[in-house]
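Fit chain L to the given chain F structure using the hints.
As they're listed, the protein sequences go chains F and L.
No gaps in the numbering here: position 461 of the first sequence is 907 in the numbering used here, and each next residue is one more.
No gaps in the numbering here: position 247 of the second sequence is 693 in the numbering used here, and each next residue is one more.
It is worth saying that the hints were derived from the structure and are not from the lab.
Values in this document were obtained by computation on a predicted structure and should not be read as measured data.
It cannot be assumed that every hint is accurate.
Note that the list lumps identical chains together, so a pair holds whenever it fits in one copy or between two copies.
[Unchecked claim] As a list, the in silico DSS-like pairs of lysine-lysine whose alpha-carbon atoms are at most 30 angstroms apart:
#	residue 1	residue 2
1	Lys-586	Lys-620
2	Lys-988	Lys-711
3	Lys-715	Lys-988
4	Lys-586	Lys-992
5	Lys-467	Lys-1042
6	Lys-1002	Lys-1057
7	Lys-575	Lys-669
Protein chains: 2
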Amino acid sequence: IERELQSIMSSNNNGAAAVNKETFRQHVANTLERRLFYIPSFKIYRGVAGLYDYGPPGCAVKSNVLAFWRQHFVLEENMLEVDCPCVTPELVLKASGHVDKFTDLMVKDEKTGTCYRADHLLKDYCKEKLEKDLSLSAEKAAEFKHVLAMLDDFSQEELGGKIKEYGITAPDTKNALSDPYPFNLMFQTSIGPSGLSPGYMRPETAQGIFVNFKDLYYYNGSKLPFAAAQIGQAFRNEISPRQGLLRVREFTLAEIEHFVDPDDKSHPKYREVVNLEFLMFPREEQMSGKDAKRIRLGEAVSEGIVNNQTLGYFIGRVYLFLTRLGIDKERLRFRQHLANEMAHYAADCWDAEIECSYGWIECVGIADRSAYDLRAHSEKSGVPLVAHEKFLEPREIEKLVIAPVKKELGLAFKGDQKKVVEALEAMNEKEAMEMKATLESKGEVEFDVCTLGKVVTLKSSMVSISKEKKKEHQRVFTPSVIEPSFGIGRIIYCLFEHSFYMRSSKAGDEQLNVFRFPPLVAPIKCTVFPLVQNQQYEDVAKEISKSLTVNGISHKIDITGTSIGKRYARTDELGVPLAITVDSTSSVTIRERDSKNQIRVGVDEVASVVKEVTEGQSTWADVQWRYPTHSSISADE
Amino acid sequence: IERELQSIMSSNNNGAAAVNKETFRQHVANTLERRLFYIPSFKIYRGVAGLYDYGPPGCAVKSNVLAFWRQHFVLEENMLEVDCPCVTPELVLKASGHVDKFTDLMVKDEKTGTCYRADHLLKDYCKEKLEKDLSLSAEKAAEFKHVLAMLDDFSQEELGGKIKEYGITAPDTKNALSDPYPFNLMFQTSIGPSGLSPGYMRPETAQGIFVNFKDLYYYNGSKLPFAAAQIGQAFRNEISPRQGLLRVREFTLAEIEHFVDPDDKSHPKYREVVNLEFLMFPREEQMSGKDAKRIRLGEAVSEGIVNNQTLGYFIGRVYLFLTRLGIDKERLRFRQHLANEMAHYAADCWDAEIECSYGWIECVGIADRSAYDLRAHSEKSGVPLVAHEKFLEPREIEKLVIAPVKKELGLAFKGDQKKVVEALEAMNEKEAMEMKATLESKGEVEFDVCTLGKVVTLKSSMVSISKEKKKEHQRVFTPSVIEPSFGIGRIIYCLFEHSFYMRSSKAGDEQLNVFRFPPLVAPIKCTVFPLVQNQQYEDVAKEISKSLTVNGISHKIDITGTSIGKRYARTDELGVPLAITVDSTSSVTIRERDSKNQIRVGVDEVASVVKEVTEGQSTWADVQWRYPTHSSISADE
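Excised from the complex, chain F in its bound form:
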């Protein structure tokens, strides 16, 4: 069964597999909900779409994932962790571009007012046609496939056009739909009592770091590179949330902003990841319809597939992070953004995608965002967010000096003077030197002032262009930022799917669910079961529990009279790696979840053995070798 269910996951996306995936997903979801890994929020009030609670085991898994994230990134990389509020004034999100551009296109049912995401409706329509319309012509099929491929690139008008063309109506009522219009996905609120200070719940944690760049750079001894990190809630007011835990309205992000000199994107620890080899899906492979392929990371960087060392280093660290959590290597790939997916300022961008029953899901984005964010906040706030490189010796530097002669320009262009001056000052070196040459040879030059929408004629008296040599003691520049951004909830959901399997009970009459969480992630590290209900065994169990607590090991005592087999099954379903059965007052049996192997360990050694295995100093194989095997027929067999 295990193989069967898991094989479904890797099979191709044909009809039967889709049904099986649905079954697998339903099975995992039932187990997760029944054992309170998560709970639809406000369930007794019928819930709210896109909001979920983590129940006790889910919350423990989340804590463990975040603690490991802190160890793996913040501690090991000496990052500066910060913690900023969720409530954010409009000004900040105006600068970052979210107020204007953080939107999805929405259509409304013209009669009921119900809202839908325009691209979802078009996607559903095309998919349904392709799957169910048997009379579909090859030509039409090709068209629908093309639409699906282009969906993310459609403009507001193109989306509206397609919806009209196909006659798509509201799915619930079949009423006509409005034209698509942008809906901002931020939750809006108002700060303070006046109603005059609009604010939003942050859509990402990154802005809190950018606005603090100046202080953090100083804190770091005014040295680059350094990274700041933040874990926290983020919010997106989705139009119509789908896909359970994958697309929600509130979620935990863990983000890193690594600031680096744009002229030197090498990384001191790069060689530690250079020999990792895993599935990568470069732009070229995607464009030519090929599959993802295994590439050695060092090769991807040296061949320029990955833009630079630092980006490569983080891709490697993300790979290690995810696989150590228990994500299946074979269902993890790094996909490069296509040129049209990336923002214009981005130098390169890779998503860690994990395959689950919903397909390949973007769980971590790793982007080289160049200097965009710091520049945007510098401009809006007027506070320079820059770094300095002090030269050991002053350097002679040639600087371009463009000096418009305002008096002459004023006489010639009157009201247009300001725009001409601005356009002159905005010239780059090449343009300026060409102008200088033309002015010197011809005495005048034609100059295209975009902001005026016309070409003007400049005389040599109107502007002086020269190169001056200056001694400079330092270089001032805006750092580039490389941003690995982790969707913690998505990673956890994929981990649930990758960890889940089923096996038959010994009697063969039942299918039992197991989560094969690594000890690092497991919500509870071990259970303590007195074999039978008696005072002596209960006392030993309590003693063991005490020593586990002192050692900081989360555990659960179960003193119900239920059979040991049933108690094992209950805790396998929570992914508890070790179970201690108290069947004497001097030594006990420890059973490992997946192998079901058992060893005998003295009562006073139990806590240290459990600690060793669950904290990763030893493997189960190590301790199995050190302690006698418990070979009597185990109670769950």
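Only chain L this time, still in chain F's reference frame:
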């Protein structure tokens, strides 16, 4: 200096002390801001009142406090931790009472529209009069003192009356003020695109637990008592935030809801705290103008000062939590709420108050809220949030049965019938049995129907009252909830003040700042300094750094050429407990922050010594005894 500064804190609140407290606070605040423990949020945009970021060391302190909270409460008490969203639909907060009652009274500047908290203005007016008006009559002084004492109890009208009477105007403009009116302190937003689903950012985390009671009770094997816990952000849209980090618009709460049988509030681990003795401030002492006094917790419970064992147990656990973090025992007290401070449903309520430069600050509330919250959500949602006690043997129980005869009542009272029926059914046993007796003896009875505001006459044909014996197999009841609720930011701020001291540099020319954080809390556990800049020492430092990382110990390398004394001073200011100076390639010096004592430890043992001390297995005194003292004149002397 240390003694002087700290003594300021415990001196009485006279004028001079107030100035000194202000100086002390400013000194702490400067250090905290300069070293980025916290940063006013969105500082480059001039900030937003009441929003703060935790910078790197502050964020680390917060992580440490929360990790210890999880260990001390969730792990040691086997609590069920959950994690619910901040965005909350109106329905839920309507049920909890927040939509209607979570308000402060506000007045507006009638010309500029600037808003103020009405009680703040009245408080400031009275305080200023008392402090600065030398011509104040004894009578007037007594009146102002009375107003200050009663401030929290004033109604909207009373507050408005006093503001008018005293002629209080807007502090910034001296313009007239509006009458006070309630302003809801929740940040409002809208869930989904339709604009038809109002929501709020939660003002506390507790509601997420209450609405999940049914599932959590089942998860706990349908057994009481059990506790659920949640750590998360909460939001209050303060009218005009004051007091820096103490009154903010977004903050981290850690809340526990301990569900217990209202008929049995004993606690199995109660005896573990029974001998703790600390400052308590019972209601009686407050009413009679006495001071807080040291009481043994067991005594407070057995004498009925604290309502029950479970409440007492949590008071004890909170005391241990706070003092282990580093809160000064002498500036921590547990103050009981006065009758008029408590909600009508609360059985008892105690605040852990910590004294800092702002006075005694409520940092943890520990309330027995009886069955209020679960009942409120049961009613609104229609889902019974109850517990069951199964009887070992069925019990015979006498039940009161009140059966109104609706036909007769309808004829007699027409439209008022419904209210009469409701009033009849709401009678308690005593009232019902008295009515039954009167009806039997006189054939009719006078009955006061509050909801009608009149007395009606009932005949014996209109209602039948009887007691029936029934066999019951279980008891169904709404559990009581005991709620310890921790304001994490406030605790941390008080900890900063209690940990701060100043000492002279050896040369005596400088005052150096130190935070005496316990290792548990310290943001960075140790620093590594090569004594001089050379490759050999740097290599050793890097080797030590690696082994510290493997052991999960946060640390900082400082390879600048700055003098060791300056490097010590820098890290003392961050509260780093241990500093490792690399002055040979075989062994190094470890220096303790507060005593400045130094020991010699071999390079390969350093990490394990630091781990022992910072994780609490050994004290500094223990290791000092084991290793040779480094007696050469230390570099910072």
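Checked hints:
1. Lys-586 - Lys-620: Answer is within: at 23 angstroms inside a copy they meet the 30 angstroms cutoff, but 74 angstroms across does not.
2. Lys-988 - Lys-711: Cα proximity of Lys-988 and Lys-711: across copies only (23 angstroms, versus 56 angstroms in one copy).
3. Lys-715 - Lys-988: between (47 angstroms within a copy, 13 angstroms between copies)
4. Lys-586 - Lys-992: Neither: 69 angstroms inside a copy, 61 angstroms across copies.
5. Lys-467 - Lys-1042: within (28 angstroms within a copy, 64 angstroms between copies)
6. Lys-1002 - Lys-1057: both (15 angstroms within a copy, 28 angstroms between copies)
7. Lys-575 - Lys-669: neither (57 angstroms within a copy, 53 angstroms between copies)
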